[in-house]
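With the sequences and hints as input, model every part of the structure.
There are 2 protein chains.
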Amino acid sequence: MVQNRQLSSSLEDYLEAIFNLSKKGKVARSRDIAEILGVARASVTGALKLLNSKDLIDYQPYGYIKLTDKGFQQAQSIVRRHNIIESFFINVLGVDKQIAEQAACKAEHALGPVVISRLLKFTEFSTNYSEKGTDIVADFQKYCRSKGV
Amino acid sequence: MVQNRQLSSSLEDYLEAIFNLSKKGKVARSRDIAEILGVARASVTGALKLLNSKDLIDYQPYGYIKLTDKGFQQAQSIVRRHNIIESFFINVLGVDKQIAEQAACKAEHALGPVVISRLLKFTEFSTNYSEKGTDIVADFQKYCRSKGV
DNA sequence: TAATATAGTTAGGTACGCCTAACTTTGCAA
DNA sequence: TTGCAAAGTTAGGCGTACCTAACTATATTA
Numbered sequence: 001m002v003q004n005r006q007l008s009s010s011l012e013d014y015l016e017a018i019f020n021l022s023k024k025g026k027v028a029r030s031r032d033i034a035e036i037l038g039v040a041r042a043s044v045t046g047a048l049k050l051l052n053s054k055d056l057i058d059y060q061p062y063g064y065i066k067l068t069d070k071g072f073q074q075a076q077s078i079v080r081r082h083n084i085i086e087s088f089f090i091n092v093l094g095v096d097k098q099i100a101e102q103a104a105c106k107a108e109h110a111l112g113p114v115v116i117s118r119l120l121k122f123t124e125f126s127t128n129y130s131e132k133g134t135d136i137v138a139d140f141q142k143y144c145r146s147k148g149v
Numbered sequence: 001m002v003q004n005r006q007l008s009s010s011l012e013d014y015l016e017a018i019f020n021l022s023k024k025g026k027v028a029r030s031r032d033i034a035e036i037l038g039v040a041r042a043s044v045t046g047a048l049k050l051l052n053s054k055d056l057i058d059y060q061p062y063g064y065i066k067l068t069d070k071g072f073q074q075a076q077s078i079v080r081r082h083n084i085i086e087s088f089f090i091n092v093l094g095v096d097k098q099i100a101e102q103a104a105c106k107a108e109h110a111l112g113p114v115v116i117s118r119l120l121k122f123t124e125f126s127t128n129y130s131e132k133g134t135d136i137v138a139d140f141q142k143y144c145r146s147k148g149v
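So the protein sequences, as listed, match chains A and B.
Everything in the first sequence is counted per our numbering, starting at 1 for the first residue and increasing by one.
Everything in the second sequence is counted per our numbering, starting at 1 for the first residue and increasing by one.
Zero decoy hints are in this set.
Computed footprint of chain A on chain B, listed as stretches where at least three residues anywhere in the stretch have a Cβ under 8 Å from a Cβ of chain A:
hint, region
1, 91-104
2, 108-121
3, 126-140
4, 143-149
I should point out that these hints are in silico values taken from the structure, not numbers from a laboratory.
Positions of the beta carbon are idealized from the N, C-alpha and C atoms, including for glycine.
Shown next as structure tokens:
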């Protein structure tokens, strides 16, 4: 293990990809990580070494890639952030899933805990509000259409 | 002039800082740019050369720093994005100005035009909505307080 | 089981964005 | 007007995050 300070955006992306691949019952494979992140296989190897040295994955050359407990925790919290943002974009702003996903990938590295927690609350809130006879989301969509967006 | 592809986040920040300094009637000075962005003076020099080569500022060593028309346009659109995001954070999410500013600085490089335009619309919308007897913003604040956020 | 395709690694290189240290230029004050 | 502090530049270096090319290990399949 090497250091504990914040992961770079890039390493967060690798960790997230590993998490998402593992979730599908599959073992995360280097090839797939490269594919998902759009980088060369050699770049994945480098990242795996770093994540390993930070004790976030168990990894040795040509071996399986497995999240450690610590890595799993951290990946979960990254994915959670991602989902909060994506869900806000889709369910409140009404952005297309594909664009929302893409935007969430980038924004998840930019938004701090305060904003994230407010976004979550806002998404909850607008759902609750809908139940009380005032459908914010629907009205916002209407508003957008009326403005030609 | 060298190339026209998208500015890096970093260069956008420099351009934005120059714009903001110029706006205050002041000539943008290297020292101040360094201060605002929290980088060494030498880093500013490097960035100025790049911005100059991209025809976004008029600059020569030891000379004044002035935005070109093209640079001004681009800076304006960067600042506009920034303001849309910051305004949404403050006026809809109810985040503190200081945190909102900071978050907007980062998010402005992450969010694409679709999301930005929706954020703008949403901020407009929630204001309009307030005028019609349903104050979303106030209700959201209440909701947050009730959830202890 | 040997040949071969695929996965993964290593080595070496590039671009970017920052840094420090040492230098030059500029501007102000004695 | 000179001389010193501040502003700005240059040179050189570092870390991150990529890349390609060439290699090694693993898996497949004939």
